[in-house]
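Peer 1: So the sequence lines, in the order shown, correspond to chains A and B. For the first sequence, the residue numbers in my numbering are 1 to 394. For the second sequence, the residue numbers in my numbering are 1001 to 1289.
Do not rely on the hints blindly, as some may be mistaken.
Just the calculated beta-carbon pair ranges, DEER-fashion [what the hints assert, rightly or not]:
no.: 1; chain 1: A; residue 1: H363; chain 2: B; residue 2: L1095; range: 53 to 61 angstroms
no.: 2; chain 1: A; residue 1: T29; chain 2: B; residue 2: I1102; range: 38 to 46 angstroms
no.: 3; chain 1: B; residue 1: P1137; chain 2: A; residue 2: E190; range: 54 to 62 angstroms
no.: 4; chain 1: B; residue 1: L1061; chain 2: A; residue 2: R296; range: 47 to 55 angstroms
no.: 5; chain 1: A; residue 1: D95; chain 2: B; residue 2: I1098; range: 38 to 46 angstroms
no.: 6; chain 1: B; residue 1: L1061; chain 2: A; residue 2: T29; range: 51 to 59 angstroms
no.: 7; chain 1: A; residue 1: G272; chain 2: B; residue 2: V1271; range: 38 to 46 angstroms
no.: 8; chain 1: B; residue 1: L1274; chain 2: A; residue 2: P145; range: 53 to 61 angstroms
no.: 9; chain 1: A; residue 1: G272; chain 2: B; residue 2: A1148; range: 36 to 44 angstroms
Just so you have them, the derived chain A footprint on chain B, three or more residues with Cβ under 8 angstroms [unchecked claim]:
no.: 10; segment: 1001–1014
no.: 11; segment: 1115–1122
no.: 12; segment: 1134–1143
no.: 13; segment: 1211–1224
no.: 14; segment: 1253–1261
Note that these hints are calculated values from the structure, not bench results. Cβ atoms here follow ideal geometry from the backbone N, Cα and C, with glycine treated the same way.
Residue-level listing of the chains:
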Amino acid sequence: MRRSGFLRTVLLLTLAVALTATTAPAQQTKPPVVVALVAAMSGGSALSGEAIKRGLSVAIDEINAKGGVLGGRKIELVIRDEEGNPGKGVTAARDVIEREKAVVVFGGIHSPVGLAMLPVFHELKVPYVGPWAAATGITRNGRNPNFMFRVSANDDIVDHFLAKHVTDKLGKKKPGIILENTPWGASNQEGLTKWFGQLGAQPVGFEKFNWGDPDMSPQLLRLRNGGADAIVLVANAPEGAQVVKSRAKIGWDVPTISHWGISGGRFADLTGELSESVVFVQTYSFFGKQSDVGDRVISALKAKYGIKGPEDILAPVGTANAYDAMHLVGLAIEKAGAADGVKIRDALENLGEYRGLIKTYKHPFTADEHDALNEKDYVLVTWKQGKIVPVTMK
Amino acid sequence: MFAQLLFSGLALGSMYALVALGYNITYATSKTVNFSQGQSVMVGAVVAYALYVSAGWPFALALAVTLVALAVVGVLVERIAVRPFLRSASIAWLLATIALGIIAENVTMILFGKDARAFPSALATTPWMILGAGVYPHELLVPVVGIALMVAVELGFRRTLAGKALLAVAFSHEAAGLMGIDVNRTITAAYALSSLLAGVAGVLLAPLLNVSATMGTTIGLKAFAVAIIGGMESPRGIIVAGFLYGIFEAIVAGYLGTGVREILGFGLVIVVLLLRPWGLFGAPALRRV
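Please model the complete structure; the sequences and the hints are all you need to start from.
Peer 2: This is the structure in structure tokens:
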């Protein structure tokens, strides 16, 4: 009796499965194409993750409104918080690819996380597209085929931009460099050493700090005593704020030029008026005259997130880079003709012209160049009353 | 440069001393330590931020409520993570207090978020110049309040009945018990006091460190190093060691570079443990035969 009951259950189940299998296509709902964001959605740089999410979402809405990709499949975004922790990033990358079936993964602000996830993307053969983390080694990693792409700054190029600004625009030849004691800091130490050397300037020192350090005055004193005439800062928002506060404390009034990590958190809240003494690099500014793409993105952000204007777009590079990155990925999925990591990777390298937010991309990526943005696309900005605004050069 | 490093070191050192004193109070009375002391610092700062900045309470009221809340936290730590393990003479309390600290950090992340927030202080915006060194007035406030509190605790121990009970329990559980002192309740009080000190440290440090769920982790660890260097059972040794350690760190960072700061700092802890396990300023325990 018991046995036949079991058999009957199995039979019924089989029948049910068979029925659903045959009825599903009849409903005409095509499965979505999943893309993932693995980024710092919390912590001192949480704003960066939110900004990236907004840029991706606006682009996804546009793509889906036009009928999606691959003949009517909608794009769906899944998000995981890596909390700035490389270990959590690796777990999250595996999770979104293996369980959520993501075919492209976008990254966050933290280069150490991006570098840690790199082997996962090559093992599982799914492309990573970075809208923020800038470590040179993320895209220039010596892998072939290379699954790492980026629509963002690249430390090596940013370092040249910063060094050129310090030596040519400011006319300073003895920069003091203070950077975080992480792989991201190391990536910039390498780039800044190289470019300052080529521009004929000799950094007086490379001082380091750890995440969470409360007082940076010893490091700054060493630079000041070394005769530094400008500070180049490589930090995220919390530590960048401590550097600037310590600089004010020791009464050192000197041009401070920063990589863009400080724009990923509450830097302006943490430093108040001092934030206005720092200039830093961005890939895009929502201020000033916008292209029609810029206007469209701003109105979409207004409608979707209730912002009032460009001054409310916090961590704007995250939004701008992510917006263009998502559209490029959309084009690549279409060109690949399948939701397949390897085919999408190949397609990314062979995309045609795309009129984007940051610029018109002629050939966004090639086999040798996996960075879609370069020095010509960077702008210099500062804070005015808590908002990021372009620097008007004298 | 030296004056600047000295001021930085003094401010840091007084933070360490204040938190380390909390380790001493519980260790003296129960031979246990609250390893989530650093997280108590953080809870103090976060509660004060929530009441003073977010809810807009007057500072005095916010401070008073924060301190009461921290005393309660101390009682909870003792009841949940320490007392159940005291009798069995195991070191499970060590793991249990660490676990509580991690829980506290993560609960804070959920309730408060993981962003670092600025805690406004009128004393931490414009630096003063003293002897050619810049210092935020708030950084001078930390050692002043710190030393005042340490003196108050010391006097409280010697002059009040409750303080004498604490000292008696620290001397011997059996003897104190025989004299009619409730040993368990005294240990609970020691935990409340130690957590309260950490809370004061949290409120004091908030404008300098910014408020975040992880702000107390490093401070808690370094304060423990200070407690070891000064001698777990020697409050005055801990205070001196706190200041020395802070100045040591600033000077090492200033003259040798930050790269070697933690190496030399924690190296010193091991050297002290090897040569003077009772601490630089403590006295070796009498051998009981």
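Peer 1: None of the hints should be skipped; say for each whether it holds.
Peer 2: Evaluation of the provided hints:
1. About 57 angstroms separates the C-beta atoms of H363(A) and L1095(B), a value consistent with the hinted range of 53 to 61 angstroms.
2. Checked against the hint of 38 to 46 angstroms, the C-beta distance between T29(A) and I1102(B) comes to roughly 44 angstroms, which is consistent with it.
3. The hint said 54 to 62 angstroms for the Cβ distance between P1137(B) and E190(A), and at roughly 40 angstroms that hint is violated.
4. The hinted range of 47 to 55 angstroms is satisfied by L1061(B) and R296(A), whose Cβ atoms lie roughly 50 angstroms apart.
5. For the hinted restraint 38 to 46 angstroms between D95(A) and I1098(B), the CB-CB distance of approximately 27 angstroms leaves it violated.
6. Between L1061(B) and T29(A) the beta carbon distance is about 58 angstroms. The supplied range of 51 to 59 angstroms therefore holds.
7. Separated by about 42 angstroms at the C-beta atoms, G272(A) and V1271(B) satisfy the suggested range of 38 to 46 angstroms.
8. Between L1274(B) and P145(A) the beta carbon distance is about 54 angstroms. The supplied range of 53 to 61 angstroms therefore holds.
9. The given range of 36 to 44 angstroms is broken by G272(A) and A1148(B), whose C-beta atoms sit roughly 29 angstroms from each other.
10. A count of 6 residues in the segment 1001–1014 of chain B with a Cβ less than 8 angstroms from any Cβ of chain A is obtained; the coverage claim is therefore met, three being the minimum.
11. Beta-carbon proximity to chain A at under 8 angstroms applies to 4 residues in the segment 1115–1122 of chain B; the threshold of 3 is reached and the given coverage holds.
12. A stretch counts as covered by a chain when three or more of its residues have a beta carbon under 8 angstroms from one of that chain; for the segment 1134–1143 of chain B and chain A the count is 3, and the coverage holds.
13. Check result for the segment 1211–1224 of chain B against chain A: holds, 5 residues qualifying (beta carbon to beta carbon below 8 angstroms, three or more required).
14. Figure legend: the segment 1253–1261 of chain B, annotated as covered by chain A; annotation consistent (5 residues with Cβ-Cβ distances under 8 angstroms, at least 3 required).
Comparing the model with each earlier hint shows violations of hints 3, 5 and 9; every other hint is respected.
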